Amino acid sequence: MSVARRTISTPVILALLLIALALMAVFSGSRPFNQTIIDIFLRVILVVGLYIFIGNSGVISFGHAGFTCLGGYAAAWLTIPPMMKQTLLPGLPDWLMNLQLPFWAGAIFAAVWAALWAAVFGKILMRLSGIAASIATFAMLAMINTIYSNWESVTAATSSVVGIPIVRSIWPYLIAAILAVFVAWAHSISRAGLALRAARDEPTAAAASGIDAPKERLVAFIISGAVMGMGGALFAHSIGVVTPDTFYLTLTFITLSMLVVGGMGSLSGAVLGVVILSGLIQGLRWLEAGVSIGTTTFAIPNGLQEITLGIVMILILARRPSGIMANSELNWTRSRSEDPGV
Amino acid sequence: MQMLFDALSLGSLYALGALGIALIFGVMRLVNFAHGDVISFAIFALLWPSVDAVAVVFAGDLPWFLLIPFVLAMGAGLSVLSEIVVFRRFRRANPATMMIASFALGFVIRYFLLMLFSSRPKSISLLPALSQPVEILGARIPLLQVITIIATIAILFALTAFLKRTRFGLEMRAAAENFTMARMLGVRANRVIMGAFALSGALAAAIGLILASQTGTVDIQMGAAVMLMAFIATVIGGLGSLPGAVLAGFLLGAASVVMQTVLPIDARPFRDAFVYGAVILVLIFRPQGLIAARGSKERV
Numbered sequence: 001m002s003v004a005r006r007t008i009s010t011p012v013i014l015a016l017l018l019i020a021l022a023l024m025a026v027f028s029g030s031r032p033f034n035q036t037i038i039d040i041f042l043r044v045i046l047v048v049g050l051y052i053f054i055g056n057s058g059v060i061s062f063g064h065a066g067f068t069c070l071g072g073y074a075a076a077w078l079t080i081p082p083m084m085k086q087t088l089l090p091g092l093p094d095w096l097m098n099l100q101l102p103f104w105a106g107a108i109f110a111a112v113w114a115a116l117w118a119a120v121f122g123k124i125l126m127r128l129s130g131i132a133a134s135i136a137t138f139a140m141l142a143m144i145n146t147i148y149s150n151w152e153s154v155t156a157a158t159s160s161v162v163g164i165p166i167v168r169s170i171w172p173y174l175i176a177a178i179l180a181v182f183v184a185w186a187h188s189i190s191r192a193g194l195a196l197r198a199a200r201d202e203p204t205a206a207a208a209s210g211i212d213a214p215k216e217r218l219v220a221f222i223i224s225g226a227v228m229g230m231g232g233a234l235f236a237h238s239i240g241v242v243t244p245d246t247f248y249l250t251l252t253f254i255t256l257s258m259l260v261v262g263g264m265g266s267l268s269g270a271v272l273g274v275v276i277l278s279g280l281i282q283g284l285r286w287l288e289a290g291v292s293i294g295t296t297t298f299a300i301p302n303g304l305q306e307i308t309l310g311i312v313m314i315l316i317l318a319r320r321p322s323g324i325m326a327n328s329e330l331n332w333t334r335s336r337s338e339d340p341g342v
Numbered sequence: 001m002q003m004l005f006d007a008l009s010l011g012s013l014y015a016l017g018a019l020g021i022a023l024i025f026g027v028m029r030l031v032n033f034a035h036g037d038v039i040s041f042a043i044f045a046l047l048w049p050s051v052d053a054v055a056v057v058f059a060g061d062l063p064w065f066l067l068i069p070f071v072l073a074m075g076a077g078l079s080v081l082s083e084i085v086v087f088r089r090f091r092r093a094n095p096a097t098m099m100i101a102s103f104a105l106g107f108v109i110r111y112f113l114l115m116l117f118s119s120r121p122k123s124i125s126l127l128p129a130l131s132q133p134v135e136i137l138g139a140r141i142p143l144l145q146v147i148t149i150i151a152t153i154a155i156l157f158a159l160t161a162f163l164k165r166t167r168f169g170l171e172m173r174a175a176a177e178n179f180t181m182a183r184m185l186g187v188r189a190n191r192v193i194m195g196a197f198a199l200s201g202a203l204a205a206a207i208g209l210i211l212a213s214q215t216g217t218v219d220i221q222m223g224a225a226v227m228l229m230a231f232i233a234t235v236i237g238g239l240g241s242l243p244g245a246v247l248a249g250f251l252l253g254a255a256s257v258v259m260q261t262v263l264p265i266d267a268r269p270f271r272d273a274f275v276y277g278a279v280i281l282v283l284i285f286r287p288q289g290l291i292a293a294r295g296s297k298e299r300v
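Sequence lines, in order, name chains A and B.
Counting from 1, one number per residue, gives the positions in the first sequence under my numbering.
Counting from 1, one number per residue, gives the positions in the second sequence under my numbering.
These aren't lab readings, by the way, just hints derived from the structure by calculation.
Remember, predicted model here, so these are calculated numbers, not experimental data.
One or more of the hints may lead you astray.
Claimed, not checked - Not close to chain A: a few residues of chain B, all C-beta gaps over 12 Å, as computed:
1. 115
2. 167
3. 284
Unchecked claim - Pairwise CB distance ranges, derived in the manner of DEER restraints:
4. 19/A with 188/B: 37 to 43 Å
5. 19/A with 173/B: 56 to 62 Å
6. 326/A with 143/B: 25 to 31 Å
7. 121/B with 289/A: 24 to 30 Å
8. 120/A with 262/B: 46 to 52 Å
9. 212/A with 94/B: 23 to 29 Å
10. 69/B with 245/A: 34 to 40 Å
Unchecked claim - Residues from chain A that keep clear of chain B, each with C-beta distances beyond 12 Å, as calculated:
11. 35
12. 83
13. 139
14. 241
15. 246
16. 285
Cβ atoms here follow ideal geometry from the backbone N, Cα and C, with glycine treated the same way.
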């Protein structure tokens, strides 16, 4: 059996899981619940994007939220009505000023734009490995954030950019999330993905077999940058507002935590980490709201939800240091499948 | 002259922070993201829980010779506690897992503080005598800057003496260099690790003290900003290398201050982008850090 046929069950199962979530939202008919599921899909896109690079290369990146930022602002530039752009972002070049694309086209360009920058940064950064690479990606994130927080005329600095058309339907997000899962799967069984994992596990043997680790890392970096950019664009369309700090440390750590809790080396882990932690966050929020209904003045202390979340994360990691899925994938057959391509 | 002192005092903060992170990294390969929150915690320990804008002082009225040890003890205490409660369970985990666990711990500490004190910055007058300027070589320098620099130098000397001259320091250096070997030769692992956490916590508390008296406010976020720079300093100094961490801390401080004056006005808001760009350059030319710690080279 070809590698593709042997491993296709993983993305199919994950896609079915996502479709099930979407159907739940549609049948419940509740607006807030619909938004919750959209948030989950957005995080699935981002965490799968992280997985494409981190999972396959073993290098922890703190910088991917930067690509989300690039994607989110690209969507803002491309889809806000020209009238609003003139007052809000006067520094844009004329051709961009008069352009207004539908949201899906904006998302595609956002992905390309983020991938372009991933290629530029990656060309420089991918020569590094280990913790030096992690810090360099962090420095990249901080650079992007500083620039977007200060370039008044094209990003409105730290004030929020409003007027991005809001997309409330759940389907575009579902399609994008499934697309991200299949892109990740296709990359992981491709020549580039296999070579990259080989270089992650056995750098010496991989180098001796002619694998150029920096090159393979760059490929993964660009693909994951594109997925993060697409996620950023959809993120912007889900709330209608972007600020540079939306895409900074909090987002970095939330997505990274979801990936590590789920299992860094596993695509199923990436998706399950999002679903489980998001479910937990949502459950705690409901609990908070539920308790405060009784009396008018008594409110649950602000922050209990985050504290519980932190403690649960520590407990999960103490129990399962390599994450919920460790390195295995969901599969039809219960055969040993340590790695999607092996 | 003013610039030199600015650079030195900012550098001192980064250096102390980097030292705290490098100490723990040295003995247990943990990149401790909770460090910034230990900084905030130590300083909030001076206040009664309240959500008012003006801090309700609890221990802050102590005379300075009691106040400083109190804050340092709070930092060290929290740090040791975090080791016992959380990090002890992660001895065998890989660095990524430990890092996320430390982040989760920092999250817990931060929101615990938020629950008690709310997120509003509070004004506090801590050691007010220190904010008066003094005249040195024709420049008016806040006394606090001078004290910060002197205190940092004193701490560095004390720490060097401690690491080089005492038995405990020797054990700690041995553990930093080769943890397994040190254990086999009879170094008590848990004691050394707890010592490193206590020292690192006390350093964090010292940063908290300096920051609070410098700005006159306490803020839950204030630890995070220093922590990020300190973290970067630790890496470009060479992870696990203490002199490297200090050197890189001072360099980063100097780079920030120099760029603030050298850059053209239009580019000044982007100062941090240039600093981070410089960090990337350093990493590309010296991925091992400025002063590579022995035993930290990747074996390929």
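Status of the hints after comparison with the structure:
With a minimum CB-CB distance of about 4 Å to chain A, residue 115/B fails to clear the 12 Å threshold, and the non-interface call is violated. Non-interface status of residue 167/B relative to chain A is upheld: no Cβ of that chain comes within 12 Å, the nearest being about 31 Å off. Chain A draws residue 284/B into its interface by the beta-carbon criterion, the shortest separation being 7 Å against a cut-off of 12 Å. Range check, residue 19/A to residue 188/B: Cβ separation about 55 Å, and the 37 to 43 Å hint is violated.
Range check, residue 19/A to residue 173/B: about 57 Å between beta-carbon atoms, so the 56 to 62 Å window is met. The given range of 25 to 31 Å is broken by residue 326/A and residue 143/B, whose C-beta atoms sit roughly 56 Å from each other. Checking the proposed 24 to 30 Å range against residue 121/B and residue 289/A shows it holds: the Cβ atoms sit about 28 Å from each other. Between residue 120/A and residue 262/B the CB atoms are about 26 Å apart, so this pair departs from the stated range of 46 to 52 Å.
Between residue 212/A and residue 94/B the C-beta distance comes to about 25 Å, which sits within the given range of 23 to 29 Å. Range check, residue 69/B to residue 245/A: about 37 Å between beta-carbon atoms, so the 34 to 40 Å window is met. Residue 35/A, annotated as away from the interface, keeps every beta carbon of chain B farther than 12 Å; the closest lies near 23 Å. Chain B leaves residue 83/A outside its interface by the beta-carbon criterion, the shortest separation being 28 Å against a cut-off of 12 Å.
With a cut of 12 Å on Cβ distances, residue 139/A falls inside the contact zone with chain B, its closest approach being about 4 Å. With 12 Å as the threshold on Cβ separation, the claim that residue 241/A sits away from chain B holds: the shortest Cβ distance comes to roughly 21 Å. The beta carbon of residue 246/A is kept farther than 12 Å from every beta carbon of chain B, the shortest such distance being approximately 16 Å. Distance to chain B confirms residue 285/A as a non-interface residue, since its nearest Cβ pair spans about 14 Å, more than 12 Å.
When held up to the earlier numbered hints, the structure conflicts with 1, 3, 4, 6, 8 and 13 and fits the remainder.
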